[in-house]
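All chains, please: the whole structure from these sequences, using the hints.
Residue-level listing of the chains:
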Amino acid sequence: MKILVPVKRVVDYNVKIRVKADGSGVELANIKMSMNPFDEIAVEEALRLREAGTASEVIAVSIGPAKTDETIRTALAMGADRGIWVKTEEAGQGNTVEPLTVAKLLKAIVEAEGPSLVILGKQAIDDDSNQTGQMLAALLGWPQATFASKVVVGDGTLDVTREIDGGLQTLRLDLPAVLTTDLRLNEPRYASLPNIMKAKKKPIEQKNAAELGVDLAPRLEILSTTEPSGRTAGIKVASAAELVGHLKQAGVL
Amino acid sequence: MADILPTLLFAEHDDASLNPVTARALTAALALGAPVHVLVAGENAQAAAQAAARLDGVAEVLLADGPAFAHRLAEPVAALGVALAPAYGALIAPSTAVGKSVMPRIAALIDVMQVSDVIAVVAPDTFDRPIYAGNAIQRVRATDATRVLTIRTAAFAAAGEGNAAPLRTLDLAEPSAHSHFVGEDIAASARPELTAARIIVSGGRALGSAEKFHEIVEPLADALGAAVGASRAAVDAGYAPNDWQVGQTGKVVAPDLYVALGISGAIQHLAGMKDSKVIVAINKDEDAPIFQVADYGLVGDLFEIVPELKAEIAKAKA
Numbered sequence: 000m001k002i003l004v005p006v007k008r009v010v011d012y013n014v015k016i017r018v019k020a021d022g023s024g025v026e027l028a029n030i031k032m033s034m035n036p037f038d039e040i041a042v043e044e045a046l047r048l049r050e051a052g053t054a055s056e057v058i059a060v061s062i063g064p065a066k067t068d069e070t071i072r073t074a075l076a077m078g079a080d081r082g083i084w085v086k087t088e089e090a091g092q093g094n095t096v097e098p099l100t101v102a103k104l105l106k107a108i109v110e111a112e113g114p115s116l117v118i119l120g121k122q123a124i125d126d127d128s129n130q131t132g133q134m135l136a137a138l139l140g141w142p143q144a145t146f147a148s149k150v151v152v153g154d155g156t157l158d159v160t161r162e163i164d165g166g167l168q169t170l171r172l173d174l175p176a177v178l179t180t181d182l183r184l185n186e187p188r189y190a191s192l193p194n195i196m197k198a199k200k201k202p203i204e205q206k207n208a209a210e211l212g213v214d215l216a217p218r219l220e221i222l223s224t225t226e227p228s229g230r231t232a233g234i235k236v237a238s239a240a241e242l243v244g245h246l247k248q249a250g251v252l
Numbered sequence: 000m001a002d003i004l005p006t007l008l009f010a011e012h013d014d015a016s017l018n019p020v021t022a023r024a025l026t027a028a029l030a031l032g033a034p035v036h037v038l039v040a041g042e043n044a045q046a047a048a049q050a051a052a053r054l055d056g057v058a059e060v061l062l063a064d065g066p067a068f069a070h071r072l073a074e075p076v077a078a079l080g081v082a083l084a085p086a087y088g089a090l091i092a093p094s095t096a097v098g099k100s101v102m103p104r105i106a107a108l109i110d111v112m113q114v115s116d117v118i119a120v121v122a123p124d125t126f127d128r129p130i131y132a133g134n135a136i137q138r139v140r141a142t143d144a145t146r147v148l149t150i151r152t153a154a155f156a157a158a159g160e161g162n163a164a165p166l167r168t169l170d171l172a173e174p175s176a177h178s179h180f181v182g183e184d185i186a187a188s189a190r191p192e193l194t195a196a197r198i199i200v201s202g203g204r205a206l207g208s209a210e211k212f213h214e215i216v217e218p219l220a221d222a223l224g225a226a227v228g229a230s231r232a233a234v235d236a237g238y239a240p241n242d243w244q245v246g247q248t249g250k251v252v253a254p255d256l257y258v259a260l261g262i263s264g265a266i267q268h269l270a271g272m273k274d275s276k277v278i279v280a281i282n283k284d285e286d287a288p289i290f291q292v293a294d295y296g297l298v299g300d301l302f303e304i305v306p307e308l309k310a311e312i313a314k315a316k317a
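Residue numbers (numbering that gives the first Met the number 0), protein chains in the order written: chain A, 0 to 252; chain B, 0 to 317.
In case anyone wonders, no lab produced these hints; they're calculated from the structure. Fair warning: there could be bad hints in the mix.
[Stated by the list, open to error] Below are the DSBU-like pairs computed for lysine-lysine, each with C-alpha atoms no more than 35 Å apart in a straight line:
no., chain 1, residue 1, chain 2, residue 2
1, A, K235, B, K316
2, B, K276, A, K19
3, B, K276, A, K247
[Stated by the list, open to error] Which chain B residues stay away from chain A? Per the calculated CB distances, all over 10 Å, these:
no., residue
4, D110
5, D116
6, D170
7, H177
8, A186
9, A310
By construction, the Cβ of each residue, glycine as well, lies at the ideal position given by its N, Cα and C atoms.
Below you can see the structure in the form of C-alpha cells.
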C-alpha cells in the first residue's frame, strides 16, 4: 500500500518567537524553519511500515510558499520515496492557508494518488489548530484515529492505540484511514549524509491550488496577534513553614 | 434578535457522570448570547444528561443514547453533529481528546473553518486563541455562517448548578462507522482529575526516578487533596505516565494552586500551567525559569523540603 505523509514547514521548535510590535503577526524573517515535529513522527511511522514490508511507497506532500521544498527534501532524506509540493504565495496578512483549505488540497491529492493510509502530525506547532487530519478524514469519508501512540497493521485493518484523557484507547480502523501522531509513537531518525545526498535526486512534483480546484480564501479574519499577558515573579521564601503561612494567607490551602 | 439560532454544546462525560470541563465550556457557550442546548451522546448516558440539565443557563439537554455512541467515537458523534448543525448558530466542545477529534470532522463536513482552543469570547464571532504554544495570542473573526469552536476550559470559570432544564431524547438512525472500539486502559485513581483539580502537585526531572516521584510527589499531593502532574521531561524519563503530563503537549491546567517540584520551567511546560491562580516552585537551581512565574519560590533540595512541607501542611490542617 501507498502511504501519504503531509508535512508542514514551521518555525523551529527551539526558536523563541517574537510578536511583531504592530500586532500584525509573528516575526518570520530570518528565522530557522524546520519540519513540524509531529510530522517527523508521521514520516518515521510511514518509513517503518515500508521497512516492515507493509507499505510499498511513502509520498511526502507539503503545501506552502518558496522554500517549502526544503521540508519535503527533509522527508526524502529521512527515506520517503518522492514528494509533492503544492506551491502557494508567500504567507502574509490575509492569505493564511487554513487547515480546512489544506484538508481540501490533500483530499485532491489523495484522490489522484490513491494511498491506503494518510499519516499526519496531530497538530502544527505554529497555529496549534489540531484539525487537518480530522478534516481530511471527514472529507474523504474515511475513519480516523487521532493521537496515535501505537500502530499495528492487520488484514485490511489497522489497530491504533490512542492517547486519550486519563489513559489509552485502542481502535480498529478499516483501511483506507487517516492517522494523526502523538509524541510517543516513535522517535524519528536523523537523515544520514548519504541519504541527504540521495534525496537530492528524488523527484518533487510541483502543483498549484488552482489546478487542484481549491479556493484558498481564508475564513478566519486575523484581527491581531499580541503577546500573552505575562506573570511576574513573586517572592522567595526561606522555609516550608513560611511557604505554608503564605498559602494560608492567600486562601488556597 | 428573536430568530437567533441557539448554540449546541457537546458535553464531555463518561455516561455515568458529567466531566466538570463541560460546566466551564458552558460559560464560553453562554457568552455567545444565544440559548444553549447541551448534547449528551453516549450509551446508557441518562445520568450524565441529568447532570447536564442541572447546569445553570442550559435551555435544553439533548440525549442521543445508543450503542453507536458508546465511547464517543469520532465518526458517529460527528455524523450526529452534522445532522443537528442546521438548527444551530454555533457548535462548541471543550478541547478534550473527544472534542478535538470530533469537532474538526463536523466543521469540514459543513464547510466551516473551526476556531480551536478559544480562551476568550470577545464578541459572538470574535475569539482569542493561543498560538505558538501560548507565546502569542491571536484574535480572529469567524466569517462562516455557523461557528465551530473548541474551548480551552482552563480559561473559563464553571457555570453553577441548580437548573432543571428539559431533557429531549433524540431518535436518530444509528450511524455506521469504519472504526471499532477494541479496548481502553484508563488508570483508576482516587485523586481528582488533572483538568478539574483545585490543587495540582507536579514533578519534574529533578525527581530522578519513578520511585522518587512516587515517594515525594504523590504523598504531598495526597496531603493537599491534589491531582498529580508531571513535566514532559519527567514523562519522557519514565517517572510518570503520559496522561499526567502538563504542558503544551499535555494538559493545559489552571488550578487555584500549582506546586512545581523540581521542574525547571521550559516554555512548553509554562504554556500548560501559567494561568494557575497561585504558583509555588521548589527547585535547587535559583536561576530556573519556573521562578519567573512563581508567586512563591523556595530554593533548595526538594528531597528535604517536600517532607517538611507535608508536615507543615498537616499541622496547618490540624
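Hints and how they fare:
1. For the suggested pair K235/A and K316/B, the alpha carbons sit about 23 Å apart, so the restraint of at most 35 Å is met.
2. With a C-alpha separation of about 28 Å, the suggested pair K276/B and K19/A falls inside the 35 Å cut-off, and the hint holds.
3. With a C-alpha separation of about 14 Å, the suggested pair K276/B and K247/A falls inside the 35 Å cut-off, and the hint holds.
4. The claim that D110/B is not at the interface with chain A is violated, since a C-beta of that chain comes within 10 Å of its own (minimum 8 Å).
5. In this structure D116/B is not separated from chain A by more than 10 Å, as the shortest Cβ-Cβ distance comes to only about 7 Å.
6. Distance check for D170/B against chain A: the nearest CB is about 24 Å away, which clears 10 Å, and the non-interface claim stands.
7. Distance check on H177/B: its Cβ comes as close as 4 Å (rounded) to a Cβ of chain A, failing to clear the 10 Å threshold; non-interface status is violated.
8. Non-interface call for A186/B relative to chain A: violated, since the shortest CB-CB distance, roughly 5 Å, does not exceed 10 Å.
9. Against the 10 Å criterion, A310/B falls within the reach of chain A, whose nearest CB is about 8 Å from its own CB.
Hint check: violations occur at hints 4, 5, 7, 8, 9; the rest are consistent with the structure.
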